[in-house]
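Can you build the whole structure from these sequences, using the hints too?
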Amino acid sequence: RKEVEQDPGPFNVPEGATVAFNCTYSNSASQSFFWYRQDCRKEPKLLMSVYSSGNEDGRFTAQLNRASQYISLLIRDSKLSDSATYLCVVIDFGNEKLTFGTGTRLTIIP
Amino acid sequence: EAQVTQNPRYLITVTGKKLTVTCSQNMNHEYMSWYRQDPGLGLRQIYYSMNVEVTDKGDVPEGYKVSRKEKRNFPLILESPSPNQTSLYFCASSLLSGQEYYEQYFGPGTRLTVT
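Top to bottom, those sequences are chains A and B.
Using my numbering, you'd call the opening residue of the first sequence number 1 and step up by one each time.
Using my numbering, you'd call the opening residue of the second sequence number 1001 and step up by one each time.
Be aware that a few hints might be false.
One-sided excerpt, in silico: chain B residues whose CB lies under 7 Å from chain A [as the list claims (entries may be wrong)]:
| hint | residue |
| --- | --- |
| 1 | Pro1008 |
| 2 | Tyr1010 |
| 3 | Gly1042 |
| 4 | Leu1043 |
| 5 | Glu1103 |
| 6 | Phe1106 |
| 7 | Gly1109 |
If you are wondering where the hints come from, they were derived from the structure by calculation, not from laboratory data.
Glycine included, C-beta positions come from ideal geometry on N, C-alpha and C.
Following this line, the structure appears as structure tokens:
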């Protein structure tokens, strides 16, 4: 089993819809979680950190479920500009390991 | 402007010819790392550095070397490149305070082709 798994998609979603995707991790000792966004052939950029209590930033909501070992990202009222690949990142402080998921590709359709 | 720079951005080389990809950050970050990104495999960490003169292997270190002689620079060295090292490479840096990891800032990427 991969350490960090994401559904690669692609997800094709109409503009204005709500879309959610998950990222599962195998190491229960993982302690920090992030979502990054990567546009085609560009560098990844931080979208948001994921806190234990869940957190929201505008149209984006991130959740952490430690019992089931996954994090989720919800995008409401999706815009054309949300089209990108979304990468989850899991950090294990114990072995200083930082692991990226392979990414979920999202395309918003007009 | 706070940034991570990489050079060159594009490189085509031949098998066995040593090359260096430079990485520099101007944010006084302690943590720096190198990743390669391949289709279907995502970003995989090659090497990382917690501070000057402190480097460690990531998930795919074979065929690569790094050094961290200064805080701002973290070059990636391929002593004898092979075609399976054809990839998109990213350098990244971040603050590191105790066990707290902060946002990773990525360079623009270096697309390497080894023939």
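task = Would you list, in rising numerical order, the hints stated earlier that this structure does not obey?
result = 1 and 2
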